[in-house]
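If you read the protein sequences in the order shown, they are chains A and B. One gets the numbering used here by counting positions in the first sequence from 1 and adding 6 to each. One gets the numbering used here by counting positions in the second sequence from 1 and adding 4 to each.
Don't read these hints as lab results, they were simulated from the structure. Careful, some of the hints might be misleading.
[What the hints assert, rightly or not] Computed beta-carbon distance windows for the label pairs:
1. D432(A) / K260(B): 53 to 59 Å
2. K120(B) / D340(A): 56 to 62 Å
3. K260(B) / E335(A): 46 to 52 Å
4. V124(A) / E176(B): 34 to 40 Å
5. I12(B) / A443(A): 39 to 45 Å
6. D340(A) / K92(B): 55 to 61 Å
7. A62(A) / N319(B): 34 to 40 Å
[Said to hold, decoys possible] SDA-like mimics (lysine to any residue), calculated; alpha carbons at most 20 Å apart, straight line:
8. K389(A) / S227(B)
9. K294(A) / S36(B)
10. K262(A) / E11(B)
11. K92(A) / N260(A)
[Said to hold, decoys possible] Partial pick of chain A residues on the chain B-facing surface, computed with a CB cut under 8 Å:
12. Y50
13. L51
14. I244
15. K283
16. S305
17. S321
18. P323
19. L327
These numbers were taken from a predicted model, which means no experiment stands behind them. The C-beta atom is built at its ideal place from N, Cα and C for all residues, glycine as well.
Listed here are the chains, written in short residue letters.
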Amino acid sequence: MAITGIEIFKLLPKTNCGECGVPTCLAFAMSLAAGKAELAKCPYLSEEARNKLEEASTPPIRMVTIGKGENAKKIGGETVMFRHEKRFENAPAIALLISDDMTETAIDGRIERFSNLVYERVGQTLRGEIIALKCQSGDASKYKALINKVMQKCKASIMLISENPDMLAAGLSVCSDMRPLIHAVTKENCEKIIALAKECSCPVAVKGESIDDIIELTTRLEQSGVKDIVIDTGASSIQKVLQDQVAIRRAALNQKMRSLGYPTIVLVNEMTDDPLKEAMIAATFVAKYAGIIVLSDFSGETLFPLLVLRMNLFSDPQRPLATDEDIYEIGCPDESSPVLVTCNFSLTYFIVSGEIESSRVSGYLLIKDTEGLSVMTAWAAGKFGADTIASFVKKCGIADKVKHRKLIIPGYIAIESGALEDELPDWEIVVGPREGAHIPAYLKTWKA
Amino acid sequence: MFFKTPEIQYNGSIREITLGSVENSITVGGESAFPFHTFDAPMPHLPVIAMEVYDVKPEDWAEAAIEPFKDVINDPAKWAKKCIDEYKAEMICLQLSGTDPNGLDRSADEAAETVKKVADAVNVPLIIWGTANHEKDTAVLNRVCQVCKGKNLIVGPLEEGDYKNIAPTAIECGHSIIASSPIDINLAKQLNILLGNLGVPDDKILIDPTVSSIGYGIEYAYSVIERIRIAALTQNDKKLQFPIICNIAAETWKTKEAKTPTAENPALGDAKKRAILLEAMSAMTLATAGADILIMRHPEAIKLVREMIADLASNQL
Ligand code: B12
Ligand code: SF4
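From just these sequences and the hints, can you work out the full model?
Below, the structure written as structure tokens:
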């Protein structure tokens, strides 16, 4: 919240009734300012105070939800120009374009790739979220058939692309309760499409030739009560798109321009015919401020790097991804399987467990909570030394699971082995390899 | 009302540094705005690509990485020539992986001899990259600097643990140096100050912030580069106003995903294209943050990055 606790306090009833869960209005104001409480918890707020506080707490770039239920994808809600200043909030949605004049085979192929190219990594599911359906045929029944097909076959949010109000109306008639994104409102069609968007309360994209056009359109939409807006500046050169993205983010954040405070969409599919280049452009706008990125097709070799990069840049710089402290069984370990210990940085866990798996030797992997720091970082920060590892090994219960007493530690903390043997007199401390990649060869020769 | 891109206040600029010998020089740096923000200010020198060459035939490289260099992979000088003649490398980076004490442990003299051969064969600025083993790099890089006196090489990585023993020779022999620190703006600045105290001139320093690839912590590298650039350009932090060099190829190609064959995991798509894209996208992401020199490997990855750079700066070409 960009407003201080004291400023909030001034707007509260000051009766200290305690119904919000904390004893005083002041305490509640402080929790609100720190983002630890919700406005709705105080039942006695005046209408005026509520509006003011809501206004103050809305991020400079509105958060917009596309789709519903388990397919809902949030975009926008951003508060910074650079991720280290706080973090990037909502990763851009990756959309796959299907147009109604494609052959059935082409359509089916895209639907299949959209559904199958899903990846698990460090505990997260990575996938495309939106199918963008373009009405190219000008034939309402053809368009509706495509939408129906996609709704039946895919778990996806939907975006409808057309500038013809009749086609959009036809499309909405079959999918409006899925909360699709309507693309796009232009200067020419704006009356009719605003009416459509209001009627089905769906988010809409505005498209202009310039940012001036955009400001005019978003202002109009706001006046008619449509707030869930996405901006398409219509730029087609990579250079111009970058300028627009930066300009919009700056205007919203630094100049508090409400009329540009919306997430953006970049139609990368229209910028090149080369799939690899398409992925490169998409990657650039993952970093530089797109809210939705539309691709012409998906393939493993282009989508996987893009999705992983997106996850990386949208991770919280203040809080590395961490895995829970625990004993992880890899394969089907028994009482004579090797025991390895490492930190709880997700990337480390991910690499080490993967290497143990590929060794085809079952084992126990002990994950010690190091607040998400890697082996050496945690060691340097005093969170992965002999004392902390020893107390974890004692309390985690691994001694009941294995008969031997050999503990493999990462090669990079070899220096701790002596102290560990002192702290864990029952155990033999074995220094493993330094690189994760050398674990399989190492485990293959391991004996209890 | 006419909308204008909101301006931000820049207060400093990156030093322009000329690398290489008089006949074959290249200038990097000089930016006075964020990368590719050509609407704020022109970008006087676009990021350049240094192509990798190895002093020994690489072991366990992915098939796709070997393929373009099959015919020259045993001869670093020919390899370098091929990069320049065929792939138009703007710089060459000779990786001295053969000197690694955990590997072949080649001697300083042997390394210097290889460097000399490559240096005589190329007509572009030459980067010499050690193994980041302080003792070994001290021996190797000192010898290299002496043998190639006057060639204006770019040598690195110089780290907190060995800069004192390498920088004096490098400067005396007329080379530039790469100041390397582990993903931390304060450590980067600190090392530059120490190098300055040691008498290293400001126009001889490149920053290596330490980088990692997509899926292996690229976000740390991305943010530290952005922070260094912001401090240099908006806070006029003189000790961070150096061009940035990123040794990204090796980081990318050593990852599991760059090596997994197509058949092993079909969801990851075509192995060759995937690896190329992992390299190109990693490099491009670092360029978007502020890299001036990208050390790269695969010709097709390089082509993709070059095209993106040209497109992003199309209004000034
Ligand atoms: C990214 C990074 C950071 C990030 C943190 C990332 C994180 N989540 O941990 C940030 C920027 C926050 C950071 C901070 C610090 N860092 Co730091 N950091 C790094 C860096 C560049 C990469 C670490 C990383 O992510 N590695 C990837 C993971 C996957 O590696 P890993 O956990 O070691 O796992 C591998 C192996 O150990 C092995 N393995 C893992 N587990 C096991 C288990 C077994 C049984 C076996 C056999 C093998 C094995 O397999 C894995 C794959 O190979 C390293 C330098 C480097 N290149 O390594 C420095 C480094 C670790 N950091 C260092 C230091 C000193 C620090 C700081 C104390 C100071 C500073 N630089 O600011 C702080 C401490 C933070 C704190 N809270 O106090 C030093 C540690 C030096 C040392 N040995 O004492 C390093 C080595 C840099 C250096 N050369 O000086 N750091
Ligand atoms: S519920 Fe409202 S009025 Fe009561 S203490 Fe909390 S903030 Fe004050």
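Sort out which numbered hints this structure fails and list those numbers smallest first. 1, 3, 4, 8, 12, 13, 19
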